[in-house]
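Chains as they are written, first to last, in my numbering: chain H, 357 to 761; chain G, 357 to 761; chain U, 357 to 761.
Don't read these hints as lab results, they were simulated from the structure. We put the beta carbon where it would ideally sit given N, CA and C, even for glycine. Where hints are given, some of them may not hold.
In silico BS3-like pairs for lysine-lysine, Cα to Cα no more than 27 Å straight-line [to be verified]:
1. U:408 / G:685
2. U:384 / H:382
3. H:364 / G:364
4. H:685 / G:410
5. H:685 / H:410
6. G:410 / H:426
7. U:561 / G:561
8. U:561 / G:571
9. U:582 / H:669
10. U:607 / H:408
11. G:426 / H:426
12. H:571 / G:669
13. G:410 / H:568
14. H:410 / U:410
15. U:669 / G:655
16. H:655 / U:669
17. U:561 / H:607
18. U:426 / H:607
19. H:669 / U:571
20. H:669 / U:655
21. G:655 / H:669
22. U:582 / U:426
23. G:364 / U:384
24. U:655 / G:575
25. G:582 / H:410
26. H:408 / U:685
27. G:669 / G:426
28. G:669 / H:655
29. G:669 / U:364
30. G:630 / G:607
31. H:655 / U:426
Label pairs and their calculated CB-CB ranges [stated by the list, open to error]:
32. H:632 / U:394: 30 to 38 Å
33. H:689 / U:686: 29 to 37 Å
34. U:582 / H:577: 46 to 54 Å
35. H:702 / U:582: 19 to 27 Å
36. G:535 / H:695: 53 to 61 Å
37. H:574 / U:628: 50 to 58 Å
38. U:702 / G:409: 19 to 27 Å
Listed below, chain by chain, are the residues.
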Amino acid sequence: MGLLGFIKDYVLGFWDYETPKVMIVKNKPLGVIYRGVQFLVLTYFIWYVFIKEKAYQQSETRPESSVHTKMRGTAVQGDRVHDTIEYAHPSEGFDVISTTVRREVTYDQMQQTCAEHFSVASANCTKDSDCTPGEVNFNGNGRRTGRCVPYYDQNFKTCEIQAWCPVEEYAAVREPPLLEAANFTVFIGNTIRFPAFNVTRGNIKVAPNKRKRQKYLSKCHYDEKKEPYCPIFRLGYIADQARENFDELCKTGGVIGVFINWQCNFDVDASDCKPTYSFRLLDTRKDLPTAGYYYRFAKYYSRDGVESRTLIKAYGIRLDIIVHGYAGKFSLIPTIINSVTAMGSIGICSIICDWIMLTFIDKNGVYSEKKFVDARKDAIQPMSTAFTIVSYGSNHSDLSDGVPL
Amino acid sequence: MGLLGFIKDYVLGFWDYETPKVMIVKNKPLGVIYRGVQFLVLTYFIWYVFIKEKAYQQSETRPESSVHTKMRGTAVQGDRVHDTIEYAHPSEGFDVISTTVRREVTYDQMQQTCAEHFSVASANCTKDSDCTPGEVNFNGNGRRTGRCVPYYDQNFKTCEIQAWCPVEEYAAVREPPLLEAANFTVFIGNTIRFPAFNVTRGNIKVAPNKRKRQKYLSKCHYDEKKEPYCPIFRLGYIADQARENFDELCKTGGVIGVFINWQCNFDVDASDCKPTYSFRLLDTRKDLPTAGYYYRFAKYYSRDGVESRTLIKAYGIRLDIIVHGYAGKFSLIPTIINSVTAMGSIGICSIICDWIMLTFIDKNGVYSEKKFVDARKDAIQPMSTAFTIVSYGSNHSDLSDGVPL
Amino acid sequence: MGLLGFIKDYVLGFWDYETPKVMIVKNKPLGVIYRGVQFLVLTYFIWYVFIKEKAYQQSETRPESSVHTKMRGTAVQGDRVHDTIEYAHPSEGFDVISTTVRREVTYDQMQQTCAEHFSVASANCTKDSDCTPGEVNFNGNGRRTGRCVPYYDQNFKTCEIQAWCPVEEYAAVREPPLLEAANFTVFIGNTIRFPAFNVTRGNIKVAPNKRKRQKYLSKCHYDEKKEPYCPIFRLGYIADQARENFDELCKTGGVIGVFINWQCNFDVDASDCKPTYSFRLLDTRKDLPTAGYYYRFAKYYSRDGVESRTLIKAYGIRLDIIVHGYAGKFSLIPTIINSVTAMGSIGICSIICDWIMLTFIDKNGVYSEKKFVDARKDAIQPMSTAFTIVSYGSNHSDLSDGVPL
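Please construct the entire structure, taking both the sequences and the accompanying hints into account.
And the structure:
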């Protein structure tokens, strides 16, 4: 069969089917190992890949999420009644909302000169020459004037500074923590959309009519067991779920993550797709001086052209709403790809079993002799002999090439 | 060939090439099925995986995005002119920006006592004993003093409360919706960077010089067809594209998602990579009492040491700028991996065709006889016989092992 | 062997092991190519996939991150001392924080009538009829009254408008840039959690006790080489690292990305997992009229019932804290999957070598004759002949089917 014949064969042979020749080894232990490995691979694919991991589904892990928060509650402090307009920040209601639970207020600060706080480095002095005029100490509150003045109503002296006076460390009024905030509620509305499947879901219970829903929302409080579909959360409940002591939180403030988790299977009814909630203190800096959560802001007033401000150091409970979403739906492409991978992996069994067979079982080389055919030896020596015998009863044009069968 | 010979063979045979023996089946239907399945698999890989999904590319799906927004516009309400400084929140211009479209303003609230709103549970009273002193009703506005007082200028009475007075539900002044806001514009600047490829792109049209660009930006308004590269959007256009009625939105407020979508192919010129925009109401709670978007805030004033506030319930149109980015570029690794997977998948065709052949075509067992060679039977029985005959004309050292060829 | 026999064989043969028959080609060049390709594939998998890409690990790329920022510093401007309460926005300390570095302040704006700025289109006039009453020019500042009035203290006239007067363009007082802001520090606390591994890590140095840590944090400044674990950053250092001129930034403002990058390998000690920082100007619109970063806000005052405001155009340096996290840990599943893929890929070598062999080496068709066995020809012609001979010395029930071996 020359080159021409080869090409002819190739063209003619396009519609031929080629299948590998296979040697059957009737060896029970080997067979058991072979089937055992096959069974493991199949089980892995069917149980883990297809049933547990749902590899037949197209998945969407980055849904579009919109969060809307609103805080509500009234608290009484002394003879003053506070509502959440004073307490909740920012008021716009995005996916981060915080409530002030304790305040240290410095009233009526003005641009003036006053004594620096004694804790600031090199602020203590006895005479004016101890204070460098114009110096701005980084940990201090302002610019030194160069004078040494009595520290407010005390007997010692500190350097005078030009700043918002009086300084916060001296003049701040510590208000008691707002323990009533445990009863504040926060409404967390979350709408999620899976663009790949064009499904939109919300976390608010579907009620038959608007009035019923309004009534439900005006009364319900979220509870994992009793009211899992009410999106209104008591701050005290959130702290409990995050395993934090609310009274403790009120002293230092803290950042709590509210995790909304959507696990949706759109092969079943989309309306079964409901969120679960979990809560955890995000800020783990418990042993740090900067632990907790606080920030400072000021309210500015103008009286007869003179600007004054009220400085507020606000300790807050901040809620970070973090939405995780996952949805899957049957799709042909991943099903095919994973099935192909599964089938391909079964072929791996052969590699393992071949190694076992050739190393441990095939002591006499029987199987290897049979499995491995030497192209040269086999072709030229015994078969050519056999051929001589065989050729009596046959008629091959192939012989003209001098190539044995 | 003993163990020693096997080892010797193995060492000598390291540079041997091993290739599976293949049986050719000249069966037209089977060949057609075989080539058909191969064609399907190849088509799937070439068309879908390589051309459509661009599997030869390395991809980057989580680019770094920076959004900068600015709102602009002037609206007249009665004899008052408002600019966006009053309307846009937050002023800093992050990826969420909102404009107030309607306000309910409660002027001059002070810490006082006043009558509770009649809609609050158990607020209606006829005598003082109907009101529990110190009670703070959760849905109410303050702490009850225990007195029953006339409801403002009405004929009935409600419990007196200590709160920010007067209560919002009674005193709020409803302003008309700001329909002119449809002409407000929002500038949305978006810079995106794909770290894997170190390419940075912006959504603002590249103009030959600064002055031309400034001129362009001062006049252009985004329009999908006419001005696709102008980053300035009319609020009315956004509402239209989101298929919402702007007048309706002005009444209830709403949250609209502005989706900026980057699909970049860096195998071609990176400057061809331009964003597309889409708009959709994110908040689907149309039939809810809390539908729409509003929030409350207050402006605080201090007059002669007495604090007062103006409480504003602001209905707003909030824009959430959501950026999706995807970029791909040729890379050797995924090209190799996917080519290998493609070749491997063609092997799957054999599994299918083998099954068809052995089950449907191979009625007489001709092919299975040929394909499957029993290591024992084939080796010991017929071949050994053949061997006896054959051995006449040959001279094998192999025979010493007693193992037939 | 009939259908019955086939079924019987199949049932009995369940525990048989099947292995492909292999032809050995003793061809040195081909063997070298074969082993070379195998070596390349193995090297790729072992070195790149397993060692470099750590394919034996389960990975987590979307950790939960909580960012907490606080700005600190004092700056003197004229005879006024500013602290960060006036400069930092928003005060709450989320993952975006900005500092005002330059201000253009328009004091005492009130709802009045005044002259429009001359740069507004069609604002210049000589007589009242040049101004359309009620017109609201989009690029203007208010509603035209229809009068033509002198432009403040100048000799020319512009249309009168009803607006917040005086207009910003005319009355704004440009304050000098706050170059001292280079010494402002920003504390960036970042806590990261990998839910898949339940490991939480923070970016603050672990000190033996609270007091030592407090002392450390009160003094340290981040420096890539000297203090890599101090979370307090000088603004000047950040600008340097982002390769920006701070003085330049102070004029135009700018948005700088602070990238916190966690690369964690939990197969080693989790406490080795520490973040690296990088800084880059996010806003690349250098040649744009809107380049830099500024926003406007106002402080509102009420004096004797008349509302006034101070409008502030604030140029700021905004820091966007962007956290990237990646963690890996040994896991059985990906190890198995990738090993299987690696083994499967070695099979690809055969496809390449077969092609080389049959095209370039196998000139006489020796190998192809040997590799490809024609089911029909091989079975019926020569073997049947051989069979005739062979059958003498054997006793096959199979013969009853008339099918040769």
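For each hint, the structure was consulted:
For the given pair, residue 408 of chain U sits about 21 Å from residue 685 of chain G by alpha-carbon distance, which is consistent with the 27 Å threshold. Between residue 384 of chain U and residue 382 of chain H the alpha-carbon distance is near 34 Å, which puts this suggested pair outside the 27 Å criterion. Our distance criterion of 27 Å between C-alpha atoms is broken by residue 364 of chain H and residue 364 of chain G, whose separation comes to about 41 Å. Straight-line distance between C-alpha atoms of residue 685 of chain H and residue 410 of chain G comes to about 23 Å, which keeps the hinted pair within the 27 Å bound.
For the given pair, residue 685 of chain H sits about 9 Å from residue 410 of chain H by alpha-carbon distance, which is consistent with the 27 Å threshold. Between residue 410 of chain G and residue 426 of chain H, the direct Cα distance comes to roughly 45 Å. Violation of the 27 Å bound is thereby established for this hinted pair. Of the pairs offered as hints, the one joining residue 561 of chain U and residue 561 of chain G is violated, with about 45 Å between alpha carbons and a cut-off of 27 Å exceeded. Restraint check for residue 561 of chain U and residue 571 of chain G: the C-alpha separation of about 51 Å exceeds 27 Å, so the hint is violated.
Note on residue 582 of chain U and residue 669 of chain H: the hinted pairing is violated, with a Cα-Cα distance of about 33 Å set against a maximum of 27 Å. With a CA separation close to 58 Å, the supplied pair residue 607 of chain U and residue 408 of chain H exceeds the 27 Å bound. Taking the CA atoms of residue 426 of chain G and residue 426 of chain H, the gap is near 25 Å; set against the 27 Å cutoff, the hint holds. At most 27 Å may separate the alpha-carbon atoms for a hinted pair to count; residue 571 of chain H and residue 669 of chain G meet this at roughly 22 Å.
A distance of roughly 52 Å separates the Cα atoms of residue 410 of chain G and residue 568 of chain H; the hinted pair therefore is violated under the 27 Å criterion. With a C-alpha separation of about 25 Å, the suggested pairing of residue 410 of chain H with residue 410 of chain U holds against the 27 Å cut-off. Distance hint between residue 669 of chain U and residue 655 of chain G is fulfilled; the C-alpha atoms sit about 20 Å from each other, no more than 27 Å. Simply put, residue 655 of chain H and residue 669 of chain U have alpha-carbon atoms about 19 Å apart, close enough for the 27 Å limit, and the pair holds.
With a C-alpha separation of about 24 Å, the suggested pairing of residue 561 of chain U with residue 607 of chain H holds against the 27 Å cut-off. The suggested pairing of residue 426 of chain U with residue 607 of chain H holds, with an alpha-carbon distance near 19 Å, which does not exceed 27 Å. Pair hint residue 669 of chain H plus residue 571 of chain U holds up; C-alpha atoms about 22 Å apart against a cutoff of 27 Å. Distance hint between residue 669 of chain H and residue 655 of chain U is fulfilled; the C-alpha atoms sit about 20 Å from each other, no more than 27 Å.
Our distance criterion of 27 Å between C-alpha atoms is met by residue 655 of chain G and residue 669 of chain H, whose separation comes to about 19 Å. The straight-line distance between the Cα atoms of residue 582 of chain U and residue 426 of chain U is roughly 22 Å, inside the 27 Å bound, and the hint therefore holds. Taking the CA atoms of residue 364 of chain G and residue 384 of chain U, the gap is near 17 Å; set against the 27 Å cutoff, the hint holds. Distance check on the hinted pair: residue 655 of chain U and residue 575 of chain G sit about 30 Å apart at the alpha-carbon level, beyond 27 Å; violated.
For a cut-off of 27 Å, the pair hint linking residue 582 of chain G to residue 410 of chain H is broken: about 45 Å separates their Cα positions. Between residue 408 of chain H and residue 685 of chain U the alpha-carbon distance is near 21 Å, which keeps this suggested pair within the 27 Å criterion. Between residue 669 of chain G and residue 426 of chain G the alpha-carbon distance is near 22 Å, which keeps this suggested pair within the 27 Å criterion. The straight-line distance between the Cα atoms of residue 669 of chain G and residue 655 of chain H is roughly 20 Å, inside the 27 Å bound, and the hint therefore holds.
A C-alpha spacing of about 84 Å is found between residue 669 of chain G and residue 364 of chain U, which places the hinted pair above 27 Å, so the restraint is violated. With a CA separation close to 35 Å, the supplied pair residue 630 of chain G and residue 607 of chain G exceeds the 27 Å bound. For the proposed pair residue 655 of chain H and residue 426 of chain U, the alpha carbon gap of about 19 Å is at most 27 Å, so the pair holds. One distance hint, 30 to 38 Å for the beta-carbon pair residue 632 of chain H and residue 394 of chain U, is violated here, with the actual separation near 50 Å.
For residue 689 of chain H and residue 686 of chain U, the Cβ-Cβ distance of about 30 Å falls inside the hinted range of 29 to 37 Å, so the restraint holds. The supplied range of 46 to 54 Å is met by residue 582 of chain U and residue 577 of chain H, whose beta-carbon atoms lie about 52 Å from each other. Evaluation of the 19 to 27 Å hint for residue 702 of chain H and residue 582 of chain U yields a failure: the beta carbon distance comes to about 58 Å. Between residue 535 of chain G and residue 695 of chain H the Cβ separation comes to about 58 Å, which falls inside the hinted range of 53 to 61 Å.
For residue 574 of chain H paired with residue 628 of chain U, a C-beta distance near 52 Å keeps the hint of 50 to 58 Å intact. The hinted window of 19 to 27 Å between residue 702 of chain U and residue 409 of chain G holds, with their beta carbons roughly 26 Å apart.
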